[in-house]
Amino acid sequence: MPDPIERRRGRRRRNRREYGVFALLILPNIAMVLTFEYWPVLYNAYLSMTRWNMISGSPVWVGLKNYINLFTSSQFHQVLLNTLVFGGFVVIGSVLIGLALAVLINQKLHLRGIVRTAAFAPYVISGAAVATLWLFIFDPNYGLSRVVFSWFGASSPHWTTDSAWAMPALIIAYLWKGTGFVAIVYLAGLQGLPEEYDEAARIDGAGRWTIFRRITLPLLSPVTFFVMVITMIGTFQAYDLIAVMTNGGPGIATTTLSWFVYERAFKASDAGGGAAAAVVLFFILLALTALQNAYSQRKVHYQ
Amino acid sequence: MNPRNLRSPLALPSRRAFLGLGAAGLSAPLLASCAGGANTGDSELGQVDFNAPAKYADREMNIVMWSATGGHNGDVLQELVTKFNDSQEDIYAEVQFQGGYEESGPKLTAALQAGSVPDIMMFADTWWARFLLNDVLEPLDDYFDDEFNGSNYVETLYNEGVVNGSTYWLSYGRSTPLMYYNKDVFAEAGLPDRGPETWDELREWGPALREVQAAGKPIGVHAFNPSDDWPFMAMIWQFGGRISEGLDIQIDQQGAVDAGNWAQEFIFEDEFGYLSQSPTTDFGAGVVATTVGSTASLRGIYEEADFEVGAAFLPSQVTTGVPTGGNGWSLLKGVPQERKDAAFEVLKFLGSPENAAAWTLGTGYLPVVTEAVNEPELADVLAEDPNFSAAADQLEISEPTDAVRTFVTDSTSTIISGIQEILSAQSTDVQSTFDGVADSLRDGAEQIQDSYEQWYG
Chain B
1 MPDPIERRRG RRRRNRREYG VFALLILPNI AMVLTFEYWP VLYNAYLSMT RWNMISGSPV
61 WVGLKNYINL FTSSQFHQVL LNTLVFGGFV VIGSVLIGLA LAVLINQKLH LRGIVRTAAF
121 APYVISGAAV ATLWLFIFDP NYGLSRVVFS WFGASSPHWT TDSAWAMPAL IIAYLWKGTG
181 FVAIVYLAGL QGLPEEYDEA ARIDGAGRWT IFRRITLPLL SPVTFFVMVI TMIGTFQAYD
241 LIAVMTNGGP GIATTTLSWF VYERAFKASD AGGGAAAAVV LFFILLALTA LQNAYSQRKV
301 HYQ
Chain V
1001 MNPRNLRSPL ALPSRRAFLG LGAAGLSAPL LASCAGGANT GDSELGQVDF NAPAKYADRE
1061 MNIVMWSATG GHNGDVLQEL VTKFNDSQED IYAEVQFQGG YEESGPKLTA ALQAGSVPDI
1121 MMFADTWWAR FLLNDVLEPL DDYFDDEFNG SNYVETLYNE GVVNGSTYWL SYGRSTPLMY
1181 YNKDVFAEAG LPDRGPETWD ELREWGPALR EVQAAGKPIG VHAFNPSDDW PFMAMIWQFG
1241 GRISEGLDIQ IDQQGAVDAG NWAQEFIFED EFGYLSQSPT TDFGAGVVAT TVGSTASLRG
1301 IYEEADFEVG AAFLPSQVTT GVPTGGNGWS LLKGVPQERK DAAFEVLKFL GSPENAAAWT
1361 LGTGYLPVVT EAVNEPELAD VLAEDPNFSA AADQLEISEP TDAVRTFVTD STSTIISGIQ
1421 EILSAQSTDV QSTFDGVADS LRDGAEQIQD SYEQWYG
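Order-wise, the sequence lines are chains B and V.
Residue numbers for the first sequence follow the numbering used here, so the first one is 1 and each next one is one higher.
Residue numbers for the second sequence follow the numbering used here, so the first one is 1001 and each next one is one higher.
Isolated chain V, as found in the complex (with noise of 0.2 Å):
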């Protein structure tokens, strides 16, 4: 037994090359894991990974946005971020599609956590200010100059985004719901030609309604969204109810319990309407008449249906009820500032009337920056489709969406959750599924009262 037959293998070159690669390799995943546990937002953030583009290549600065709106809502804005970078040569922004917002959030906690982050984000109303109770938002403040500020914003959207002055969240693609209805079908029912006054008059239009056959069956009156709570927050209100007043819970109350079980007979007793997978996707293929969704699925509903689309203010019933709801960007606080200033170029861009104007054509979004519709192509637009009218017009009656989704973070899926379970089952029962859900919502408003009094205090 020679030693050196034991010590050969070890000593070709080639094998502690790779030795040494793999030992390399290991201790990297260690030392970012390391370094991810001890980051607390102080520290300064890494960029995610991107995937710029030959042309694009030799810019300065690169800058990822993350994005929560897909397909064709997506296609615009991509459309539009590729027209920015096109526009200047010192940055390339590159918009990645994070899956909706509930994904999206949750995926930016964890990208806070590894330590490495977009310099962009879009968040729902419903999400931003989670973040906001944590201190890793930027204040925008400071960015804005004489041409480009808040006052080039329509008020009340943009002042959902300001906490004690100071905005951490800029409008981008608002909405408000609307009450899609399929006119043809209002037509053979010998309907009016307009969306139902109240909830009670949608009712009372079943019958005739569902004398109209879609694909060999009677047609759905209405379907409900399951995946959502904005809509059917939209009806608690129209019932006179609300499910937070502030922090203070309010969906055990009579309100939200009314609507719950006006909605609950719908759909079990008179078998008019039934919760949908995809509200819209059955909306624009003509099974069901009428759906309520955001302004943004028009375009969408627009390309899909092959009738004629009818988008009227939402019914109400005790009172209106109109919640503003969608999107804006936020920057991260630990993001290095050249980032920082770069990434505020690219929302300067998007929020400059020709191109507000062009996001709102291409996606039915409200139009949040006031001299968009002066943009001859909105105004056009605005002038001739009632449609895309009605979101605008709808804007005068809305308001901000309740405070408990916004800022406890596991409010939207429970109320989503409930909605779900007195929908999806004629034997639940409302006030019990509702009185659950409160004392979930109070249990978490409670967790955040003290971070929530430091900042709205």
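Same shape as in the complex, but just chain B (with noise of 0.2 Å):
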């Protein structure tokens, strides 16, 4: 029988050790965290505040400087506002599109399957072939563009190249691509509801839009809620897309921040521009991130 202190000593040096196995094993993660996580944000931070071409020479300090061209440029209003308007147009469209295909692909139909499956597709295809499958179709010499619109005796519009017609393009073919998720989300989300509360409405009489409208929409609210903020985020990082059909242009009618970074840093090799810009990028996400994770905690539970 060993004596009691004896004891306690042997758990606390199996507890230091258990430490050190649990440190050993974070470390790497911890490591891969603060390599490609943590310090690349802390350096751009830093280099925000640097004038630094990236070809020789050092960043050199500039102060709050990047940051005021930006602010007081109106190209990068305009930047912003796109950024509104992508963002803003394909969320409305994701939730609509998404929720009534969803409504219908959860009906028992045949080939329920198949269907799905079609509506699924394109989010798992990279975005650069998305991009120029969408070119294809939306090229007014010998695209499908130019049939469609010539059945109604017009011309069709020169979508990529048109200032008024790029940004359509670019949002038709983000909720090409991105819609078939947002369905599938709304899918597990019908496939989750209560049969209850449709039975009751029913036995009051209730109609099948009724039903829909002041049933079936609040209780997915949540879901709604986790799409827009899924896609909204998704819209920020919106790159393949563009570089493949637009280039941000014609001149900036395409421009979105992620874009702009993207342009500034590397093609105006202007790592200071870019980095502030990836700052405001940074903070527009984080407080999209903070209300998402707010509204979680406080969602409406109707169970």
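These aren't lab readings, by the way, just hints derived from the structure by calculation.
A couple of the hints might just be wrong.
What the hints assert, rightly or not - Here chain V is said to cover these stretches of chain B; the calculated rule only asks that three of the stretch's residues, wherever they fall, bring their Cβ under 8 Å from a Cβ of chain V:
#1 133-142
#2 233-239
#3 263-275
Unchecked claim - If you want the footprint, here are the derived chain V segments under chain B, 3+ residues with CB under 8 Å:
#4 1107-1118
#5 1129-1140
#6 1249-1263
Ideal Cβ positions, reconstructed from N, Cα and C, are used throughout, including at glycine.
The two chains are supplied separately, each in an independent frame; assemble them into the complex guided by the hints.
The structure is reproduced here in structure tokens:
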């Protein structure tokens, strides 16, 4: 029988060893996160207060000059507006089309599996491929767009090279790619809904539209919120479609914040300006994420 | 609780080895990023990855070339480099296509930061000098010998790469814009078999051309290029303007604004022109009657078109205006000497009359090496195909590109953006758009003024 003090000491030693193992096991992950997540954010914040062309020399401290330049430039205002318009239309479109699609594939249809797969497929295709595909469709000279418009005796707009049409073109392509995901999330939401409320309402004589509007929709509101935030964050990161379809043009008609960051930093070799715009992007995303967290903790529960 | 139970998982050699590997894997990128951050261009630069086929695997030196020409012209370059690899046994050269000029240029910036670079870089005429101002390019003077040197090259083109008597950029795929026209369509419209002499003449021909149907609708008269400011700069010159004279910005002045207004009317009021995603593709597909494209598009268009292609001098308006363009090669200063020496062997090979002629024949780029035009095959084609000789003849009235495009980092994308704005919407006011472009070009010019004077003062 070992003496109790000896035993406690043993436990302490064992504890220490457990911590050691723990530290060893998480070290790779911590190092990874520090190296690839936190360090770049901090370094970027530092760069945003410097002037540097990234080719030679080293960053020169300029304080808040890059931020002042950004916020006083009408170009940057246009970029923010573009980002908002793009995000807004994509979010609204995804929710409406995604929900409609989910309701549709929630029916007991023939070939339901195939329809579901088809709806989801665009989401997993690479953005560059989707963009190339839509460039063909939108081509006013030999694309599908030409054919469709000619049915109505009109000629196709020059989608990607006309200031007024480039943003709609991007939104359409993005919706096509992303809506399948939204539909699947809604579908899961729909299938998780309790049947009792529907039944009760039906017994009270409510029509299908009323049930959908007064019962299904409110019950789905946590799903809708989730979808909106995820989609919004997605649009802030949109890069591939813009890179392949419009390069942010014509002019800056489709330059969103993320594309702007790339243009400033790498095409204009202006590390400071790009970094400052990235910091703005960072805070917008941070705010959106905080909003999502706050909401998901106090989300409306009907059950 | 036996302490051994706790220890045993870690005591297994395989786990330990595994963790060790993980730690090693982690520290490598950390170290690499430190080295990259500290790099100022003075230290020796590493080399980007390459993948030598087994056949060349045991070569003493491996050279990586970054190219900005893909597609058909990229194939021609690859053929020539393969020929180089087979011509000797010491050096393996690998061509890596890095996207167009606007894509490959920024990639080199990133590569310099990472500290591993290609040994040979293909730069557009508008890109190399930005790197020169940062002092990362190698002067080529000491590599030349009696047989291979600047005097082998067409003087005006070669001199664009010379600064203060030293050569930093060796002309390779040099070009001028040409007016391409669809001969079959011109014949059908009852027009003469030649390019328009002035832009106004093209406008006069517009109604006749619109009578011709292509794929069920009236054919486009002219396709404008939204992704390059080079053809539009030519137009500005032809309307009597300049983008800049030296670093003195003039795009907000009369000639440039006239050109913008003319093009805007041509597109929106006459409905003759349009901004095309890919003008040469549209032209090759026969949906537009004319477009301005590089001499280097000639071969590609030949392959695509099932009609007879005409290539003519650029139209003039108040004056003529033909800018040179295209690409050349540079070496990087920070690369170890033996790699630079080997890299120069590749340039020497590509610059021989025989290989320069093959490059011109395969692509349509100008013959930059004077002796190349005496190579029998090229001589025949130049004598027989007026489209090829048009390019060479037009060279006589050509001038180097406006300086702001070469030196100011952001200039081409700023100008392109301005051109896109005015050509993509009728409501855009040309003067105020070009005022905005001029402002940001002036800002950019101011920032590089000091280093510009250091090199060119």
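Results for each hint:
Counting residues of the region 133-142 of chain B whose beta-carbon sits less than 8 Å from any beta-carbon of chain V gives 5, enough to reach three: the coverage restraint holds. Only residues whose C-beta sits within less than 8 Å of a C-beta in chain V count toward coverage, and the region 233-239 of chain B has 0 of them, not enough to reach three; the restraint is violated. For the region 263-275 of chain B, the proposed coverage by chain V is satisfied: 6 residues have a C-beta within less than 8 Å of a C-beta in that chain, meeting the threshold of three. With 4 residues having a Cβ less than 8 Å from any Cβ of chain B, the region 1107-1118 of chain V passes the three-residue criterion, so the hint holds.
Coverage of the region 1129-1140 of chain V by chain B holds [criterion: at least 3 residues with CB-CB distance below 8 Å; count 5]. Counting residues of the region 1249-1263 of chain V whose beta-carbon sits less than 8 Å from any beta-carbon of chain B gives 0, not enough to reach three: the coverage restraint is violated.
Of the numbered hints listed earlier, those contradicted by the structure are 2 and 6.
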